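We have chain X already, so just place chain D on it with the hints.
Line order of the protein sequences matches chains X and D. Counted the way this note's numbering counts, the first sequence spans residues 1 to 343. Counted the way this note's numbering counts, the second sequence spans residues 1001 to 1144.
By construction, these hints were calculated from the structure, which means they are not laboratory data. Treat the hints with care, since some could be wrong.
Unchecked claim - Using 25 angstroms as the maximum straight-line C-alpha spacing, the simulated PhoX-like pairs for lysine-lysine come out as follows:
no.: 1; chain 1: D; residue 1: 1030; chain 2: X; residue 2: 157
no.: 2; chain 1: X; residue 1: 32; chain 2: X; residue 2: 16
no.: 3; chain 1: X; residue 1: 208; chain 2: X; residue 2: 297
no.: 4; chain 1: D; residue 1: 1030; chain 2: X; residue 2: 156
no.: 5; chain 1: D; residue 1: 1112; chain 2: D; residue 2: 1127
no.: 6; chain 1: X; residue 1: 316; chain 2: X; residue 2: 32
no.: 7; chain 1: D; residue 1: 1038; chain 2: X; residue 2: 254
no.: 8; chain 1: X; residue 1: 156; chain 2: D; residue 2: 1127
no.: 9; chain 1: D; residue 1: 1051; chain 2: D; residue 2: 1030
no.: 10; chain 1: X; residue 1: 288; chain 2: X; residue 2: 316
no.: 11; chain 1: X; residue 1: 162; chain 2: D; residue 2: 1038
no.: 12; chain 1: X; residue 1: 297; chain 2: X; residue 2: 211
no.: 13; chain 1: X; residue 1: 162; chain 2: D; residue 2: 1030
no.: 14; chain 1: D; residue 1: 1030; chain 2: D; residue 2: 1134
no.: 15; chain 1: X; residue 1: 254; chain 2: X; residue 2: 211
no.: 16; chain 1: D; residue 1: 1038; chain 2: X; residue 2: 157
no.: 17; chain 1: X; residue 1: 316; chain 2: X; residue 2: 16
no.: 18; chain 1: D; residue 1: 1112; chain 2: D; residue 2: 1134
no.: 19; chain 1: X; residue 1: 288; chain 2: X; residue 2: 254
no.: 20; chain 1: D; residue 1: 1038; chain 2: D; residue 2: 1134
no.: 21; chain 1: X; residue 1: 297; chain 2: X; residue 2: 254
no.: 22; chain 1: D; residue 1: 1038; chain 2: X; residue 2: 156
no.: 23; chain 1: X; residue 1: 288; chain 2: X; residue 2: 32
no.: 24; chain 1: D; residue 1: 1038; chain 2: D; residue 2: 1127
Stated by the list, open to error - Ranges of calculated distance between the beta carbons of each label pair, as one might list FRET restraints:
no.: 25; chain 1: X; residue 1: 291; chain 2: D; residue 2: 1137; range: 53 to 61 angstroms
no.: 26; chain 1: X; residue 1: 265; chain 2: D; residue 2: 1076; range: 33 to 41 angstroms
no.: 27; chain 1: D; residue 1: 1105; chain 2: X; residue 2: 291; range: 27 to 35 angstroms
Predicted, not measured: the structure shown is a model, and the values here were computed from it. C-beta atoms are modelled at their ideal positions from N, C-alpha and C, and glycine is treated no differently.
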Amino acid sequence: MASGEPINVIILGAGKGGTALIELFTSCAGVKIVGVADANPDASGLQQARLLNIPTSTDAASLIARGGADLIVDVTGDPAMPALIAERKPPGVESLSGNAARLVWSLIQDEQELREHLVHTEKLATLGTLAASVAHEVNNPLHWILGFAQLIQEEKKPAVIKEYAQEIVESVEQLSEIAKSLSMYSQASYQGEPVRIQLSDQLDNAVKVAKFATILDEVEIIRNYAPVPEIQADSGDLIQAFLTLLVNGAQAMKGRGQLTLATFDKGDLVTASIHDTGPWIPPEQREKLFAPFFTTKPGGTGTGMALYVVRSLVQKHGGRIVVESEEGQGTTFSIQFPQSNRA
Amino acid sequence: MPLWPFGMLTKESPGLGRVLVVDDEENVRKIVRLTLTKAGYDVEEAEDGGKAIEVLNSGENPLMVDVIICDIRMPRINGVEAIEYFLAQYPSIPIIVQTGYPDLQLSTSLMKQGVVDYLVKPVERDKLLSAVEKALERRSIFKF
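Isolated chain D (complex conformation):
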């Protein structure tokens, strides 16, 4: 069980945290949603970078999202473009990349830019859960 980030208590969500999953594959979103919901998280979904930006800017407080899990290869606004935007606009929201591309150069460059984890599919449940926990710890550091 992760430590409850302190800021979380003031939120509407009673869960462990709210995770936004950005992936064009419905099955990937479904697995993340089912896995994380079971573990006690709330999950929002977006099918591409553009939709993700919409979700984050949808009038609700963007800080309602605690972690973003983002694919790289997606139509329209791709993952790299979307991540750049997230990092610039919402620097306090930790980002986890979950992709089918085992690309060392890209992973290094993204981690340098501030992405907290680079997961290469197939991703086991425990790996996903620990990545989200780790990301939330980072989020709570930002909060204090």
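Bound conformation, chain X alone:
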């Protein structure tokens, strides 16, 4: 293997450990997964591997014998596996099992913890940007309430007083809507438990919060929701992911254009997509989009972590994120979940 070329890796075991390995290795340029095996055909790691077009097998022995790998990582926990690997592996292939594999696994767990902290930090950062706009959104209805109340104090005609009182009632309703959207966001953010979720509902919830994060006054929101099955997911994670994509889309269009939200069910994938009519993203930038600290926003306005976090959140649910962009056609971000996430 020449240096600079990726290490071809086979992962044995597609449970929690194997899934985490897939997640980590797919975001590492220096590692290429050439196969994943698990005796259980429904193991979460196998589903994710299929989604990523990585060859899968339910028979570890045949995958090992097939060759094409530089390294075999065994996270099956099966005491018989090291012997099987030694017997079947082609010469020159290294393997990682037993304590060495456990060491890798504990490093990965550490890395995952860091990622979760990062996600949490990103959510807090979002809340921070929401705060300024919330002040604006709240001050408007407060202004109407104060204004109409002071007009009532001087008004003698009952019909007019009634009209102003109605305006106050509507302003209060608007305030309570704002409170509802925000508490929905913060509750969902800290719930952390997978629940049954309709993707279109989460897209709508994200739109409600997005107007606090960016200016949507001149963005037309188009909804193309085809009926899709509910999926099992953490609602806070999904809102965060959709919110990031909506805000990015609106900002890419400089606040003017169309955002098309869609849900559809194709093959064995449940998909939610967000399309913006902003400038296209050339291929060389598209590759870097999800890398940490990559930002196209002018100095200091973007952390470069938002899309990295989106991808982490999507991968955590066994899904993947795809970006398509053509000159003059805008950009579409699609989040695809395997049917196994069906609620």
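Then chain D, alone, in the frame of chain X:
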């Protein structure tokens, strides 16, 4: 009661002065209109910066407007852009900003550019009235 700016007497309007309120929220315009009309002013309305410019340039003498009350966050031409235009084209018309954003940096920068007051919503009636009075005094200084 404010002093009647001298120039006012030559105008068609018999009121205390003519105020243009620029805000995309109908309720905000309504409150300003009702509050100021009760106090003896005439009120013109515009829902965004573009409409405000139209009102000011609508063939009538732009000097018919004595005070502009302008929001910041509005669709199309936003408040900052509109205010820049007002200050450049009609430097004698005092401008009051009335916004939901308590933005110290923006308020300082706008006041430096010549905006007479920066009111953060919710704005009490008396605060609005005294801001308009203050603005009119400034307007009358320009007149002499």
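Going down the list of hints, with the structure as the test:
1. Restraint check: the Cα-Cα separation between residue 1030 of chain D and residue 157 of chain X comes to about 17 angstroms, which is no more than 25 angstroms; the hinted pair holds.
2. Taken as a hint, the residue 32 of chain X and residue 16 of chain X pair is honoured in the structure, with Cα atoms around 19 angstroms apart against an allowance of 25 angstroms.
3. Of the supplied pair hints, the one linking residue 208 of chain X and residue 297 of chain X holds, its CA atoms being roughly 24 angstroms apart against a limit of 25 angstroms.
4. Taking the CA atoms of residue 1030 of chain D and residue 156 of chain X, the gap is about 18 angstroms. The hint holds against a cut of 25 angstroms.
5. Straight-line distance between C-alpha atoms of residue 1112 of chain D and residue 1127 of chain D comes to about 21 angstroms, which keeps the hinted pair within the 25 angstroms bound.
6. About 19 angstroms separates the Cα atoms of residue 316 of chain X and residue 32 of chain X, which keeps this hinted pair within 25 angstroms; it holds.
7. A threshold of 25 angstroms between alpha carbons decides the hint, and for residue 1038 of chain D with residue 254 of chain X the separation of about 41 angstroms lies outside it, so the pair is violated.
8. Proximity of residue 156 of chain X to residue 1127 of chain D is assessed by CA-CA distance (about 23 angstroms); at most 25 angstroms being required, the pair is judged to hold.
9. Among the hinted pairs, residue 1051 of chain D with residue 1030 of chain D is consistent with the structure: their alpha-carbon atoms are about 16 angstroms apart, no more than 25 angstroms.
10. Only pairs whose Cα atoms come within 25 angstroms are accepted, and residue 288 of chain X paired with residue 316 of chain X is accepted, the gap being roughly 20 angstroms.
11. Taking the CA atoms of residue 162 of chain X and residue 1038 of chain D, the gap is about 18 angstroms. The hint holds against a cut of 25 angstroms.
12. Between the alpha carbons of residue 297 of chain X and residue 211 of chain X the distance comes to roughly 19 angstroms, so the proposed pair stays at or under 25 angstroms and holds.
13. In summary, the hint linking residue 162 of chain X to residue 1030 of chain D is supported, as the alpha carbons are separated by about 15 angstroms, within the 25 angstroms threshold.
14. Between residue 1030 of chain D and residue 1134 of chain D the alpha-carbon distance is near 22 angstroms, which keeps this suggested pair within the 25 angstroms criterion.
15. Distance check on the hinted pair: residue 254 of chain X and residue 211 of chain X sit about 14 angstroms apart at the alpha-carbon level, within 25 angstroms; holds.
16. A C-alpha spacing of about 14 angstroms is found between residue 1038 of chain D and residue 157 of chain X, which places the hinted pair at or below 25 angstroms, so the restraint holds.
17. In summary, the hint linking residue 316 of chain X to residue 16 of chain X is supported, as the alpha carbons are separated by about 11 angstroms, within the 25 angstroms threshold.
18. Distance hint between residue 1112 of chain D and residue 1134 of chain D is fulfilled; the C-alpha atoms sit about 17 angstroms from each other, no more than 25 angstroms.
19. Under the criterion of a C-alpha separation no larger than 25 angstroms, the hint pairing residue 288 of chain X with residue 254 of chain X is consistent with the structure, at around 21 angstroms.
20. Straight-line distance between C-alpha atoms of residue 1038 of chain D and residue 1134 of chain D comes to about 18 angstroms, which keeps the hinted pair within the 25 angstroms bound.
21. Proposed proximity of residue 297 of chain X and residue 254 of chain X is supported: the alpha carbons are some 12 angstroms apart, at most 25 angstroms.
22. With a CA separation close to 13 angstroms, the supplied pair residue 1038 of chain D and residue 156 of chain X stays within the 25 angstroms bound.
23. Note on residue 288 of chain X and residue 32 of chain X: the hinted pairing holds, with a Cα-Cα distance of about 18 angstroms set against a maximum of 25 angstroms.
24. Note on residue 1038 of chain D and residue 1127 of chain D: the hinted pairing holds, with a Cα-Cα distance of about 15 angstroms set against a maximum of 25 angstroms.
25. Checked against the hint of 53 to 61 angstroms, the C-beta distance between residue 291 of chain X and residue 1137 of chain D comes to roughly 59 angstroms, which is consistent with it.
26. The beta-carbon spacing between residue 265 of chain X and residue 1076 of chain D, approximately 39 angstroms, falls within the hinted interval of 33 to 41 angstroms.
27. Distance hint for residue 1105 of chain D and residue 291 of chain X: a CB-CB separation of about 33 angstroms, consistent with the stated range 27 to 35 angstroms.
Taken one by one, the earlier hints fail for this structure only at number 7.
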